[in-house]
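Chemist: These are the residues of each chain, in order.
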Amino acid sequence: EKEEVRLDFPPSHRRRLYLVLSLPSTFPDFSSVRKSSKLYSENPKFPMSIFEYNGSAVVAMVGKNCFAIASDRRLGVQLQTIATDFQRISKIHDRVFIGLSGLATDVQTLYQRLVFRHKLYQLREERDMKPETFASLVSAILYEKRFGPYLCQPVIAGLGDDNKPFICTMDSIGAKELAKDFVVSGTASESLYGACEAMYKPDMEAEELFETISQALLSSVDRDCLSGWGGHVYIVTPTEIKERILKGRMD
Amino acid sequence: MSRRYDSRTTIFSPEGRLYQVEYAMEAIGNAGSAIGILAKDGVVLVGEKKVTSKLLQTSSSMEKMYKIDDHVACAVAGIMSDANILINTARVQAQRYTFMYQEPMPVEQLVQSLCDTKQGYTQFGGLRPFGVSFLFAGWDKNHGFQLYMSDPSGNYGGWKAAAVGANNQAAQSILKQDYKDDATREEVVQLAIKVLSKTMDSTSLTAEKLELAEVYLTPSGSVKYHVHSPDSLTKLLVKHGVTQPAAETS
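As they're listed, the protein sequences go chains A and B.
Count the first sequence with full-length UniProt numbering and you get residues 1 to 251, in order.
Count the second sequence with full-length UniProt numbering and you get residues 1 to 250, in order.
These are computed hints drawn from the structure, not numbers from a lab.
All of these numbers come straight from a predicted model, not from anything done at the bench.
Misleading hints may appear alongside valid ones.
[Unchecked claim] 27 Å max Cα-Cα, derived DSS-like pairs, lysine-lysine:
#1 B/K224 x A/K130
#2 A/K119 x B/K141
#3 A/K119 x B/K176
#4 A/K119 x B/K224
#5 A/K130 x B/K67
#6 A/K91 x B/K67
#7 B/K176 x B/K50
#8 B/K224 x A/K242
#9 A/K91 x B/K50
#10 A/K91 x B/K141
[Unchecked claim] Okay, the calculated beta carbon distance ranges per label pair:
#11 A/Y121 x B/V51: 40 to 46 Å
#12 B/K141 x A/Y193: 43 to 49 Å
#13 A/Y143 x B/R17: 29 to 35 Å
#14 A/T81 x B/P219: 35 to 41 Å
#15 B/T218 x A/E190: 44 to 50 Å
#16 A/K91 x B/R96: 18 to 24 Å
#17 A/E190 x B/S232: 52 to 58 Å
Built from N, CA and C at the ideal position, the CB exists for glycine as well.
Model the full assembly from the supplied sequences, consistent with the hints where possible.
Modeler: Laid out in C-alpha cells, this is it:
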C-alpha cells in the first residue's frame, strides 16, 4: 500500500547557484540564454559528469529485523526536470530490493537484466535469491562491463534467511561495500552521508526507521539541485512491505 | 524399410521418412506417459512417474512437470537428460523475450521458438534429435489458456486434450470420447486421472506414481502454476474412486 506523508521542515536553505556564477557579465540578447545555460558544464573548472546528468539520491538503512530503502523522484536532463515520479527502487523479490542511482537509461536496463537473471535463478533453484548472493550477482554483471560500464551505482537491501537485514552499495564497476548501518549513492551522496551519520542509531523499529530515513533523505536532497521532488520510501519487515511517498520541497 | 538410411538424421529415406526422428519417437513411446487437458478456467497436466524406487530421495524437484516462466509450464515424456537441456533453452528464451519487450512471451511463440531449436537437429549439424515430447500449458492475454504438444521432429500443434509417452494412442482415444468443451478444472482433473488410471500399466494408482499440476488464474489476475502435494493427490484419487481409502488401523 502507498501513503503520502508530509514532513514538517525548517525553511529551505540557499541553493547552490552555479548557473549564476558562470553567466557572462554582459548579456547582449535573449537568444544567448539557451547557450549560456550550458556554460556551467563548458567551464573547465566544473566539467560535466555523466553520473550527474539525470540526478539521483538513494539511501538504505538497517533497523531491528527490518530495513528501509529510499530514493528521490526527480528525473532531469541536467538543469531541466523531465519527470517527478521516476522509479529508482525496484523489487527483486519480497525480501530483496535494489535502488539504482546514476544515468537513468542504465538504471532501467540494468534492472531489466537483473530481473532476467533472477527469474532464471528462481526457476532453476526453485527458491528466491539471498541478498548476499544477489549483491554478488550485481557486482559480477557490473564488472563484465569493466571497460564500458553501466553508469549507475546500485544500493542493495534485503532480509536474509534469519530475518537479519543486509545492505550494501557498489560503484559502477562492481566494488562492493558492505555496511552495518547505512549506505548512500547518487548526486546527493555527500549530504546523505552527513545526514545519515547524524541521524542514524542502531536497532530502530520500523516506524522510527521510516522517520529517520525520510528526514535524512529530504534534508539531503534539499541541498542538491539535481535531486528531489519528493521521496519514495520502502520499509520492509519480515511480515510486510510498506511503500510510502514523501512530499518535500517540490523543486 | 531401408537400414541404409538410419544412421544420419540429415538424410531422407526413399519413402520420404526421417528414420532418426521416428526412432526418437519410439524412445518416447517407452517413457512414462503424460496427459494435458484444457479446461474453461485453466489447463491440467498429469504425468506418470516411472522412477519409483524406495531409495529415491524425495525432494521437491519434479520428474515430469517443469515451470518455464510464470505463465507457462510443461510436462515431459522421453529422455530426461534431453528434456533438461530443452527446458533450460525454453526458460532462457522466455526471459530474453521479456527482457526485450518487457512483457511475458506469448505461449505459442515460446513453443514455436523451442520447436525451431528441435528442428535444427533434424536438418543440419549431424547431431541426433532430442528424444523428448512436450506438453506446454500456459496463459497469455491474447489467447487465454492454451495447450500445445510438440515432438522430436519439431512439429507442434494446439490441442484441447493430448497425451504423450507410453500408451498415448489409447489415452488419446479415451480422451476423444470423453472430452467435453468448457469443463471446469475439477471435472478435467477427474477426467485426467481417470484416463491415466486406465492406460497405466500398474494395477493400482497411488500418489507416488503421479504428478498433477494445474495452470489457472488467481482472483487478482495473475497466472498460477500449482503442483499438487502427495497428500492432496491421495485425497483426489480417493475422491474419484481410483484408489481405496487407507484402512484404519486400530
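Chemist: Provide an ascending list of the numbers of those earlier hints which the structure does not satisfy.
Modeler: Violated hints (numbers, rising): 3, 9, 11, 13; every other hint is consistent with the structure.
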